[in-house]
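K.L.:
Okay, here's what each chain looks like letter by letter:
Protein chains: 2
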Amino acid sequence: MRKFESLALRFDGEKIWVLDQMLLPQKKIWLDATSPEKMIEYIRALKVRGAPLIGIAAAFCLARLAESGETEAEYRKAAESLRASRPTAVNLMNAVDKLTAFRPGQMNVRDIVELAERFFREDQKLCENIAKYGAELVLDGDGIITHCNTGGLATAGVGTAMGIIRRAHEEKKKIHVYIDETRPLLQGGRLTAWEMAELAIPHTLICDSAAAILMREKRITKVIVGCDRIALNGDFANKVGTYGLAVLARHHGIAFYVAGPYTTIDLHCESGADIPIEERAADEVRGVCGAFGEVVWAPRATPVFNPAFDVTPAALVSAWILDKGVYTTEDIKRGGLIECTQS
Amino acid sequence: MRKFESLALRFDGEKIWVLDQMLLPQKKIWLDATSPEKMIEYIRALKVRGAPLIGIAAAFCLARLAESGETEAEYRKAAESLRASRPTAVNLMNAVDKLTAFRPGQMNVRDIVELAERFFREDQKLCENIAKYGAELVLDGDGIITHCNTGGLATAGVGTAMGIIRRAHEEKKKIHVYIDETRPLLQGGRLTAWEMAELAIPHTLICDSAAAILMREKRITKVIVGCDRIALNGDFANKVGTYGLAVLARHHGIAFYVAGPYTTIDLHCESGADIPIEERAADEVRGVCGAFGEVVWAPRATPVFNPAFDVTPAALVSAWILDKGVYTTEDIKRGGLIECTQS
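Protein chains in written order, with the working numbering: chain L, 1 to 343; chain P, 1001 to 1343.
Bear in mind the hints are in silico, worked out from the structure with no lab data behind them.
One thing to keep in mind: the hints can contain errors.
Here are the computed lysine-lysine pairs in the DSS-like style, where the Cα-Cα straight-line distance is at most 30 Å [unchecked claim]: (1) Lys-3(L) to Lys-15(L); (2) Lys-218(L) to Lys-1125(P); (3) Lys-1333(P) to Lys-333(L); (4) Lys-1015(P) to Lys-1038(P).
The structure presented is a predicted model; accordingly, all values stated were derived computationally and were not measured.
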């Protein structure tokens, strides 16, 4: 496998390294994720995160395993475990399925490696396309709110929602970005705030609950978010809080865009009702924990509901910004998403 | 002045003590807030909080100052400073105005002390009435979401929104309470979670952004919140995040109730547009700080927007639960709030 490097994932010719995203931005520590066991551990702990990146990281891991001369049985077992490491983001499942789609006894190391390499290069291109199509929708003077982190850390390229914002900024459009801090794991406050500063894009960090007042004051004029899984009817799962933003946008007459590559589309999900929502540990809500320290403010026994994602129905989406273009509600209704997965 | 004691405020016959609410629930430390300087400091730092309680605490402070033989000039100066210590909650201003409503040269210590004592006793009664009227709206099987903290810590009595919940629970209604953690200062995660556990009311703590998914799943059937200022048209200010909850409730067809005593009504505000919204320090959003510790996760220079409150328009309110009864939109339109302030 050839060497590759993105903002949060690299292969140095021998080992696969992931940038520990739970420690950002305070600490930049690369972890050896060459073994499937380690990769699974890091995906579960959100050290590797971002739907597109998880898929590519798993693919690298499997390709390296194949190159190491592992048996087909062991390879398939590792693939199965990797596939199950996060239940909501579908890019992971899509990538693993493609890497195990050969007939029993027909495992070909070169094919597997080539496919993994292609996923990486392809994601960079997909991000570029999403950025290009999405930026056309951004107007001079826009106040854009985004949720979670969808930039260079979450993909192999410039990102999805953040790639669009980045492109619009590069095109000299005057924009201001409002960043939802994105409780409980604070991907907005930690990662997006950091990436925005690195890119010198004007931005303001807010508590998730302050989005509504900004919409009311017309300081927010567009919502652009990424996604972890898109169902065929256009419903999609994304970081918890996205659905609330969509409802707020509708109430205030603000455009709501979701951005993602075709690898995020799940041909097996008819609608959002088919998307499983991962529930995570109560301690994530009782306090916070990271390289910045660890504190717990709630009484230790407090019962918690902590869904990692929520589903936004297609009816609340103004348009889907995919790598093949901007899809309207009509495009989705006439089966546009199936078309989008066919190259 | 006679001795008094509530959950977070007491007068021991000599000094006025406030329970430091920024340290709860980890530490229970009472602070001497007898001097106006200290009281102002504690109100600004949210060590004393809850719109009704702030008004009573300021009244105690002024009454004690009057008893100490302070000149009228100094008394009025202290009153002025106390009045300005928090710009949004109006109970404070209403209390101070009443305690300074005598003619120049006519300062009467006994009158001032009696008024302050009456505020305390009255608030307990107001809470009881709100609880009684509000509990009538709660049904068996309700899932109730509340925001911030509106219980015994925020008032001299059983609270406003939480008083209603408490009463419904005492009436053996089967209810479940969803507690918004209420970023940035986590009054839900720290204070409401603690009070609910003390009262043995079934509850679940959530991140503010998870309310929408619970409404969609019909696990939340009612919203009940408190308020910091009610304008004459029924618009009201409350902890940031309340307005978003109101929009979500409307979208999902869920009843949205605001509860408060008449002391929270501002006869000088025609509408929510007249209510000033306090903006607080950026560091509250860049991290968290309390008796539980202090951490900062965002890059130190990240620009922040941190409004402490937002305004919910009357159009999104199903009913106003006041100490004189439940007011409908029609009641408000025919000047019900003015009536409510007249005993």
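K.L.:
Could you run down the list of hints and mark each one as holding or not?
P.N.:
Evaluated hints:
The suggested pairing of Lys-3(L) with Lys-15(L) holds, with an alpha-carbon distance near 10 Å, which does not exceed 30 Å. As the CA atoms of Lys-218(L) and Lys-1125(P) are separated by approximately 41 Å, the hinted pair breaks the 30 Å bound. Distance hint between Lys-1333(P) and Lys-333(L) is unfulfilled; the C-alpha atoms sit about 44 Å from each other, more than 30 Å. With a C-alpha separation of about 12 Å, the suggested pair Lys-1015(P) and Lys-1038(P) falls inside the 30 Å cut-off, and the hint holds.
Violated hints for the displayed structure, listed by number in ascending order: 2, 3.
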